[in-house]
Amino acid sequence: MADRRFYRVGEPRPLAALAAIAGAELHGGADPDRLIRDVAPLGRAGADELTFLDGARYLDDARRTGAGACLVRAEHAAALPEATARLITPTPYGAFARAAAAFYPGAAGPGSGDGAPAATEVAPGAFVHPEAVLGPGCRVGPSAVVEAGARLGARCRLAPGAVVGAGVVLGDDCVVGPGASLGYCLAGDRVVVHAGARVGQDGFGFALGEGGGGAHLKVPQLGRVLIGDDVEIGANTTIDRGSGPDTVIGRGCKIDNLVMIAHNVELGDGCVIVAQSGVSGSARIGHHSVIAAQVGITGHLTIGPNVRLAARTAVIRDLPGDQTYGGAPALPVGEWRRQVAAISRLGKRKGGGEQ
Amino acid sequence: MADRRFYRVGEPRPLAALAAIAGAELHGGADPDRLIRDVAPLGRAGADELTFLDGARYLDDARRTGAGACLVRAEHAAALPEATARLITPTPYGAFARAAAAFYPGAAGPGSGDGAPAATEVAPGAFVHPEAVLGPGCRVGPSAVVEAGARLGARCRLAPGAVVGAGVVLGDDCVVGPGASLGYCLAGDRVVVHAGARVGQDGFGFALGEGGGGAHLKVPQLGRVLIGDDVEIGANTTIDRGSGPDTVIGRGCKIDNLVMIAHNVELGDGCVIVAQSGVSGSARIGHHSVIAAQVGITGHLTIGPNVRLAARTAVIRDLPGDQTYGGAPALPVGEWRRQVAAISRLGKRKGGGEQ
Amino acid sequence: MADRRFYRVGEPRPLAALAAIAGAELHGGADPDRLIRDVAPLGRAGADELTFLDGARYLDDARRTGAGACLVRAEHAAALPEATARLITPTPYGAFARAAAAFYPGAAGPGSGDGAPAATEVAPGAFVHPEAVLGPGCRVGPSAVVEAGARLGARCRLAPGAVVGAGVVLGDDCVVGPGASLGYCLAGDRVVVHAGARVGQDGFGFALGEGGGGAHLKVPQLGRVLIGDDVEIGANTTIDRGSGPDTVIGRGCKIDNLVMIAHNVELGDGCVIVAQSGVSGSARIGHHSVIAAQVGITGHLTIGPNVRLAARTAVIRDLPGDQTYGGAPALPVGEWRRQVAAISRLGKRKGGGEQ
Numbered sequence: 034m035a036d037r038r039f040y041r042v043g044e045p046r047p048l049a050a051l052a053a054i055a056g057a058e059l060h061g062g063a064d065p066d067r068l069i070r071d072v073a074p075l076g077r078a079g080a081d082e083l084t085f086l087d088g089a090r091y092l093d094d095a096r097r098t099g100a101g102a103c104l105v106r107a108e109h110a111a112a113l114p115e116a117t118a119r120l121i122t123p124t125p126y127g128a129f130a131r132a133a134a135a136f137y138p139g140a141a142g143p144g145s146g147d148g149a150p151a152a153t154e155v156a157p158g159a160f161v162h163p164e165a166v167l168g169p170g171c172r173v174g175p176s177a178v179v180e181a182g183a184r185l186g187a188r189c190r191l192a193p194g195a196v197v198g199a200g201v202v203l204g205d206d207c208v209v210g211p212g213a214s215l216g217y218c219l220a221g222d223r224v225v226v227h228a229g230a231r232v233g234q235d236g237f238g239f240a241l242g243e244g245g246g247g248a249h250l251k252v253p254q255l256g257r258v259l260i261g262d263d264v265e266i267g268a269n270t271t272i273d274r275g276s277g278p279d280t281v282i283g284r285g286c287k288i289d290n291l292v293m294i295a296h297n298v299e300l301g302d303g304c305v306i307v308a309q310s311g312v313s314g315s316a317r318i319g320h321h322s323v324i325a326a327q328v329g330i331t332g333h334l335t336i337g338p339n340v341r342l343a344a345r346t347a348v349i350r351d352l353p354g355d356q357t358y359g360g361a362p363a364l365p366v367g368e369w370r371r372q373v374a375a376i377s378r379l380g381k382r383k384g385g386g387e388q
Numbered sequence: 034m035a036d037r038r039f040y041r042v043g044e045p046r047p048l049a050a051l052a053a054i055a056g057a058e059l060h061g062g063a064d065p066d067r068l069i070r071d072v073a074p075l076g077r078a079g080a081d082e083l084t085f086l087d088g089a090r091y092l093d094d095a096r097r098t099g100a101g102a103c104l105v106r107a108e109h110a111a112a113l114p115e116a117t118a119r120l121i122t123p124t125p126y127g128a129f130a131r132a133a134a135a136f137y138p139g140a141a142g143p144g145s146g147d148g149a150p151a152a153t154e155v156a157p158g159a160f161v162h163p164e165a166v167l168g169p170g171c172r173v174g175p176s177a178v179v180e181a182g183a184r185l186g187a188r189c190r191l192a193p194g195a196v197v198g199a200g201v202v203l204g205d206d207c208v209v210g211p212g213a214s215l216g217y218c219l220a221g222d223r224v225v226v227h228a229g230a231r232v233g234q235d236g237f238g239f240a241l242g243e244g245g246g247g248a249h250l251k252v253p254q255l256g257r258v259l260i261g262d263d264v265e266i267g268a269n270t271t272i273d274r275g276s277g278p279d280t281v282i283g284r285g286c287k288i289d290n291l292v293m294i295a296h297n298v299e300l301g302d303g304c305v306i307v308a309q310s311g312v313s314g315s316a317r318i319g320h321h322s323v324i325a326a327q328v329g330i331t332g333h334l335t336i337g338p339n340v341r342l343a344a345r346t347a348v349i350r351d352l353p354g355d356q357t358y359g360g361a362p363a364l365p366v367g368e369w370r371r372q373v374a375a376i377s378r379l380g381k382r383k384g385g386g387e388q
Numbered sequence: 034m035a036d037r038r039f040y041r042v043g044e045p046r047p048l049a050a051l052a053a054i055a056g057a058e059l060h061g062g063a064d065p066d067r068l069i070r071d072v073a074p075l076g077r078a079g080a081d082e083l084t085f086l087d088g089a090r091y092l093d094d095a096r097r098t099g100a101g102a103c104l105v106r107a108e109h110a111a112a113l114p115e116a117t118a119r120l121i122t123p124t125p126y127g128a129f130a131r132a133a134a135a136f137y138p139g140a141a142g143p144g145s146g147d148g149a150p151a152a153t154e155v156a157p158g159a160f161v162h163p164e165a166v167l168g169p170g171c172r173v174g175p176s177a178v179v180e181a182g183a184r185l186g187a188r189c190r191l192a193p194g195a196v197v198g199a200g201v202v203l204g205d206d207c208v209v210g211p212g213a214s215l216g217y218c219l220a221g222d223r224v225v226v227h228a229g230a231r232v233g234q235d236g237f238g239f240a241l242g243e244g245g246g247g248a249h250l251k252v253p254q255l256g257r258v259l260i261g262d263d264v265e266i267g268a269n270t271t272i273d274r275g276s277g278p279d280t281v282i283g284r285g286c287k288i289d290n291l292v293m294i295a296h297n298v299e300l301g302d303g304c305v306i307v308a309q310s311g312v313s314g315s316a317r318i319g320h321h322s323v324i325a326a327q328v329g330i331t332g333h334l335t336i337g338p339n340v341r342l343a344a345r346t347a348v349i350r351d352l353p354g355d356q357t358y359g360g361a362p363a364l365p366v367g368e369w370r371r372q373v374a375a376i377s378r379l380g381k382r383k384g385g386g387e388q
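Chains as they are written, first to last, in the numbering used here: chain A, 34 to 388; chain B, 34 to 388; chain C, 34 to 388.
Because the hints were derived from the structure by calculation, they are not lab data. All values derive from a computational prediction rather than experimental measurement. A hint or two may mislead.
As the list claims (entries may be wrong) - Derived coverage of chain A by chain B (criterion: at least 3 residues anywhere in the stretch with Cβ under 8 Å from a Cβ of chain B; other residues may be distant):
| # | segment |
| --- | --- |
| 1 | 43-52 |
| 2 | 189-202 |
| 3 | 289-298 |
C-beta atoms are modelled at their ideal positions from N, C-alpha and C, and glycine is treated no differently.
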């Protein structure tokens, strides 16, 4: 069970109710009234806990699990011990997300909590400018700052040391993590900005060697960052504001930690960008694209919609949508795999030389 | 026009005056008294706004622009609609920077504003140690901290949550962004440190496996970070202090977001380092080198001056100056391109294998 | 000598005493009573200062050094000028670390200082929740925050703007740098968290396209971050908490700046991870592995123990321990070098094409 110092579990629920919440079907023979008290990982779940099995990688763990119930695909159900009740679903991970959110509403993100306080709370040591506006039920942590002209919707939470800059607009149920900062930014509802993320600072706009004496001349950055509803921005990620056009993060995008989004980038709705990837200035990524870790995308390109990029891909040309790519420079996945295989053989040839 | 919640535009200016500010020549036929009220991107500029066209990539947008005036190279001037006045310059981007700074002096960086207040302002909730010294006209935001012995020049601005550590020296007109921190650092004038940048923490100095029981032994880091005038340091970038020698960032260097500069690195004047690149300990980069994104440079090397490194280059040996390199490991650009082309063919051969 | 604005040097020590501290042997002919006043780099050390020579790279500097004494391997001792006393050791860098720590106890890390104050000090502008517990001798800087239920051991130091979240436990002699934040975390003794590091935020757990309308569904993250004794975490590094299992950082691990550690990762004891590397979710790295800069490790893998990964390595399969690997995808070092050599020849062939 989750550490009680950090998490508070809700009431136990009968298996049938959990199956309904998760969107799964209770396998014949299981007792629909059996009480489940918590969720837990496959390897640690006990007799009154629910777990999940997603994919074949953890089949061995599944055979040994002590879980009382398991969300599982039909084709893997036979691997579970007899004592484990099966909840059949084609998407065990998503089903588990729903069940876990039922037990831990506060951990499932903004807007899903057990009711924020009706009154706005500003902690001692926080600073809210008199010309800022906080919606009902906002909570502002110690050392957090809200500058002049900022407007926060209902039930926003600012963690300790978070900074909401002058004129920034946040919708309802937004969360800004410890030490994160937002400037020149208009955000929708249920936006989550994790610890240390930086939104809205100057883009990297310099006219190289044109400042007199060969110095680099700063180009004023006059745009904003527009963030759609349900966006999540990872810890220490940086999103620069537009130079005149805006930087746009589409509705429902999920961005991991230490990602760089440069000025004027436009992300379509529902994009996923994994850790340490970078998108250069004025690139456009179409809807529902999934970009794995440590990818680099050159500026002024158009990609997607609905592309998938393997980890470490380097994109230097436009990429048509609805395909998977990998490699540096990026290739369609089949061609990339052949290339990797051919390079792999290079290291195995005799007389390959030494270095 | 720029969002009035965030930006305040200056007075309208006649075309002839703007041409003079930008360093461009008004093309025959344009009315020198025509009033321009703002700057705007090519695709959005209106009849009383100035835009720019830099390079052939956006010629189509140029043909459709509604801009009242456009900074443009002579060879592209014919592409613009008749109603758009041409301001001819060989460097439209730099010229635009100057014009935009005239309309938005506050957005052009430190020292270019419309006059900082004469009196120093320390916000409620800020902490300035009694043994710190602030020059005239400094502004210290809420939750910002200036520790003992720090000395700030005139008109420095510390954003909310910025931390200037004990003994740190900043020159005039420096800006420290939200939540950024500086320690063990001596900086010149007009230095800009963006949100969350970390300057001066311990370098990664360990004697591996020598601490007893195979533990890693920390080597005290006794140097500083020396930062020249007009340096800009990007959001969440990290610059470690020297181990005994200093880490040196030359005058006029521009460093983007999420860059890593290790201990004892020396950057010559006017270097540019784009996002997510890393420079390992004790490397020396010569003057006016330009390092694109996601580059890695091994420690104890000497590079440059005046090299250009393509994105994702991996440098593992010294590189002579005045050349362009790419690849991993780095090669002169011509050789690198041949290598990329040869590898590209590998993936296209028959029988390339499968994975 | 180190800048007196930032560092305070201890008392001079006779050469014999320093040799004992460093674990080195005084070479015949040197005066054991000679007083040494400081440590300094090879190129800058003076007649009353101690330096070190580690490896052949800096032999030329050694020949010209003005140092009074030098920690040096036996085989390099002859390179030093006659006036420089030799302190012979097989590990000059580690020996130097010990000597430098004797002169600068405060710079050698937590627990090695000259005695923290007996009384706990909470700076003005800091916030310590009444339900938090601080051990004796803790110091909490301005704008730092300790939330409800957090427990700090003896002599912990929180720099300005540091945030220790609700329920977090720190052992004795821990240091949290400026603006760093910790949540959902249990840490041992002598843990150092550098400026801006982010520990314990939500892992990147989404069930893609399962939230209704194709939206991504957040999976509640219910684990913690467990940090062993003597761990050091670099500036702006991010370590996500576990999703249900914990994220585990073994005792004595040293993690550099801008590193990404995803949820459920387990690092064995004594691992070293250099800057800008990333470890994806649920990967396990065995004891005493050394991961160079900009490496990427795919999720759900097992590596090590005691592997070494060259910079920029991409790991996509399990790797057996006690070996060195490089390349993308990773290969044993010999095979990787042959591959690099073969690729290098590709760019040199005639008819290599142009791009």
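Those earlier numbered hints the structure runs against, lowest number first: 1
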